[in-house]
Structures are given as structure tokens and as C-alpha cells.
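Residue numbers (my numbering), protein chains in the order written: chain W, 12 to 339; chain U, 12 to 339.
Be careful, since some hints might not be right.
Stretches of chain U that chain W covers, calculated by requiring three or more beta carbons in the stretch to come under 8 Å of a beta carbon on chain W [claimed, not checked]:
#1 12 to 23
#2 101 to 107
#3 143 to 157
#4 210 to 222
#5 295 to 303
#6 320 to 326
Please keep in mind that the hints were generated in silico from the structure rather than gathered at the bench.
Ideal placement from N, C-alpha and C gives every residue a C-beta, glycine not left out.
The primary structure of each chain is shown beneath.
Number of protein chains: 2
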Amino acid sequence: MIEILPVLGIPEVGPGDDIASLIGDLEDGDIVVVTSKIVSKAEGRVRQAPDRTAAIMEETVRVVARRGDTVISQTRHGFVMAAAGVDASNTAPGTILLLPEDPDASARRIRKGLRGRVGVIVTDTFGRPWRHGLTDVAIGAAGVLPLEDFRGGTDTHGNPLSATVTALADEIASAAELVKGKLGNVPVAIVRGLSHLVTDDDGPGVRPLVRPADEDMFRYGSRDVVFARRTVTSFTDRPVDPEAVRRALMAADAAASPTGEKAWRFTVDGDASPYRIVPSVVGEPTPARLLALGAAVQNVLVQLAMEGLDSRWTMDDAAGVIEVGHGG
Amino acid sequence: MIEILPVLGIPEVGPGDDIASLIGDLEDGDIVVVTSKIVSKAEGRVRQAPDRTAAIMEETVRVVARRGDTVISQTRHGFVMAAAGVDASNTAPGTILLLPEDPDASARRIRKGLRGRVGVIVTDTFGRPWRHGLTDVAIGAAGVLPLEDFRGGTDTHGNPLSATVTALADEIASAAELVKGKLGNVPVAIVRGLSHLVTDDDGPGVRPLVRPADEDMFRYGSRDVVFARRTVTSFTDRPVDPEAVRRALMAADAAASPTGEKAWRFTVDGDASPYRIVPSVVGEPTPARLLALGAAVQNVLVQLAMEGLDSRWTMDDAAGVIEVGHGG
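Isolated chain W (complex conformation):
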């Protein structure tokens, strides 16, 4: 059995407050789940409301998508979330809150102030691209296994479990929100019954939960994707995967031609970095065919970027050459 208990009676938190001292008695194996908002307040991560846009930009390393007033940002921490986590709710009027500077460090500090063998998770509320409604996820952790990795094991039928990695810290954050949200304005909950997930040392925090860019199949919001390609000025020696180039060319070649005829060709030339792709018109280079080839090259450049490859399209003769590699 797992129990989720609210921590009642936590007063309004201000700069310099010691959150650990506000949390009462714990049992060994408890996981303390703290809403990031009070951590931000304790750490003085407050700004004035008119500075909201500047604050979002300060916290954003990459705009993942944008529509109207909504910006989905990747934060300095690697989180992909609305407005880089800058929040105007549950803070004094006229002020806004930023995420903690380093939420794993915040979790470690809180943990250090608590007695016993306990874990700490700092949470924030995230949207999801294809589902309505927000859920709480872990943005910082100390002393808790963030992921449970069943890879390499087998299920009860003997089938290999190829990719069953559970995001435990996120599930704990969501479970705690059920009690915090039910009561309203309860910023801390205790999850009891998961002592097997509490570790002796602080552990890796939430870093294992952040998917690296090269595994991200939704790296670019739809609007941004045509700018995904990176035009590089120099390439490293790191070899290019010919399969990745083949996939990019296949994908680009599947696009329709604006002229109704597919009068273009891509010749692959080279097997080092930079790899060379030579685009050319098939037949007479009429204006229409050159325009269609230009559109096709643009598709190739985007598809190469989707494979994690950098490119440079230069016009040394009519259609030029696309160099492909890893940017230096």
C-alpha cells in the first residue's frame, strides 16, 4: 500500500525561509514532494510582472513552439514547458515566479535539512502536447530513483522487456498532486510506501528524466521546423551515417513536385564528413524545373536536420552541392 499525506499548516513562504524546517515528522522511506513555487519563493526567484517577457527569454534556451501568446520553451534545465516555467499564479499581485535556479540542488538542500532516510522531489505543473490538462512532474530530486529500468529483463511470459522504463519521480509527483490539489494551497505532500525507491546518496536528480535532443522526435515545433537546419561553416571529422543520408533523401523524394514531373536527381558523392550530395535537374534546366529543384533541396536540408546532421548548400554551379556532416 502507498499512502499520500498532505502536510498541513505550512505558512506563506518568503525569501530565505528554510523549507525543511516547515515539514513535520517523517518516517524512514518517506518521499517528500514539494511544489516548486514555495522553493522559488524561498530562493527569492521573484520578478515584477512587467518583466515577464524578459524573464521568459532569460529562462529560455530554445523556443520549441509558439502559437499566438503561447510559447513552449526549453528551459536552461532542459525542461520543455509553457513560458519557460514563469508563473503568475499563487504569488503576490504584480509579481511572477521563475523556476528554482537548480531544482536538483534545491531538493538536496531540503533533504539535508530533514531527519531520517527520506527522499525529496520538487515538482512543477506541465502541459502535454496531445492531451488536455496539466500534470505535475518532477523538476528536482534528491535521494529518489528517478527512473526504474526494466530493460534487459523479461515479463512473466518470458518476453523481453525492451523499453519498460518507468518515470517513477514523475508518477510520484502526479500522485502527490492529487492530495495537494484536492485540498488547495497545500504545497507539500508525503508519499509513504515507496521506501525501495529511496537511496542512500542524493543520486542523479532528475537529469535522467530529461530526454537528450538527439532522441527528441519533436525537437522542433511545426512552425520552427523549416529553420531547423543548421548551416555550418566547418565540419568535424566525425563520420556521417550513410543510412541517415539515405533516409533523408528517401523522405524528401516522397514529396510532390510542383510541376507534376519529378525532374530532379540527388547524387551521393563521398563517404566522409562532409558527405556530398549533388542536386541536379533532369533534362533542360527550365525555370520551372529549377524552382522545383529548389523546393526539393529545401526538403532534403530539413530531413537531414531531422537526422541530426548539419548541412551547407552552396551554389558553386547551377544547383551547387549540399555538404553534410557534423558542424565544428
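With chain W fixed as given, assemble chain U onto it according to the hints.
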């Protein structure tokens, strides 16, 4: 306090089994969380492993993204998930399982077989685009509020709560997974202490959790986005939003030119459907400039698609015309 209790001793489920009869005593207000796998087994949603690709296609209404062997599909139900939910783990060797045909209906059937005022959630395991690890989410529900909508309210500081809609059913699914996953092979858990979320009638199921396509900022996977544009043969009278066209042109115009000079121009001509955009070369139409213009047009077509607009690029003269509207 919330308690999450495993339901132990559930035997291997087969076609025709009555899942409700396998669940023991409940209290009023309990929420029963059932792994979809046993629902699929009870409903006979089993296929032979060699038919996996066909099964994924059968369940897929749209490929959202693809990389190597991984396909992210939108299912018939509207869920965006790997392999359309077709799963080869925890099933008899040589077999695969599909999601229940209608998981909300499955939840209603299970609820009907249970005594007392209880809710039922059917869960499955989903990946997330920017975070490692899987979490359980609700794919079917009966008698449970799927979302808690705080919009229109105010927080404790009097700030308006503009978008705090919590995906309760998903958080409950994740909470239950903590107990099911901890013990292994426990397909049912009971969440106790959330009786305020249990409703008299079956309610809307999980439909409110599925984000409609026009709110989806990640509609197209990066690889597929260049094919997002729909080349239409006829347009309806529905007017085109000039702002959407302006945004698309601005976004496309921000791309770098392969020739180093931006020798293209887009002239907007028309305010009906189809709207007309005339691309042209600035200066002499050299091959390099035509190629660069072709790439720029491709960017415009993609950006128009991102605005939900259909287009048709025809070559009536050198660079032709882009007609923009809503496809008939």
C-alpha cells in the same frame, strides 16, 4: 489522505472473463484502476505476432512521427502513442495485444459489474516527447471526473487562475502504477480518498483528455512536416485569415538564403478563398536565384500548412502562383 492499494491474486485473464468479478470488496468512493492489458485480453483483442505491422496500421489513423523502427501514431481513439498501443509484452509468446476497441465502454462495463458508488479508470503506458521514461495515463474512464477545471477561479492571492486544468484521471493512473509496478504483474489497484471525483453517472470518459487537432502545436513530427502541406484541387468559399497568411510569409522569410542574397519577393494578391500569393525573383532570374526562390516557396507552403491553410502551387509562368484557402 489518499491510499493506493494493490488488488492481489488476479489470475491470468482470458477472452470472455468478467474483470469486475475478479475485484474484491470496495468502499464507496473508491476508484478502481485497471491495466488495459487485461481488458484487451478479456475482450479478445489478441493478434498473432507476425501481424504486428498490419495491426499497427489498423489501429493508426495518422502517423505523427517516425524514426527508425519507432512509429508514433494517433490511434482511432485519438491517443498519440508508440506503435498505436500494439504491445508484445505480458502476453503469450507469439501474440500481441491491441488496445480495447472502446476503452470508455470497457470502463463502463467493469463499473456496471462492481457494487457501490465507485469509479473505474482503464490505463495504458505512454511515452512523452521530451522526457525519458513512461508513465501510465487514462485511456478509459467511467464514473470519474477526468479533468478538474479551475478556470475562472482565483488563487489564494486573488490572481485569476487562467489555465489550471488538472488531468486528474491521468494523475490517478500514474499513482496507481506506483503500486502495480512495485509489485509486478498486479493489473488492478484501488485509489481510496478521492471520493469527490467519483460521479453518479458514467460521465464523459476520457474524451475531455484528448486534445483536438487544431489545438495541437506538435501536429506533425519533424520528419513529416515537409509533407504536411495539402495540395488541394479545389477550395471552398471559407475566407482566409489574412493574419495567418502574413504570419506564414514572415516565418518563411526569416529563413536564410542559400545564395547569400535574398533575391525573392512574395506579393499578396486577393482577399478571398483562394487567396493568391505571387512569388517572384528580384533581379535577373538566374538559375541560382530560381533555386533559392524554389526553396523559399517550399518554406511558405509548410508555414501555411502550420496555420491550417491548404495551398496549391502552380506554374502558370516562371514562378507561378500559390493559391491559399480551405480545401473542398
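Output the numbers, in ascending order, of every earlier hint that fails for this structure.
-> Result: no hint breaks.
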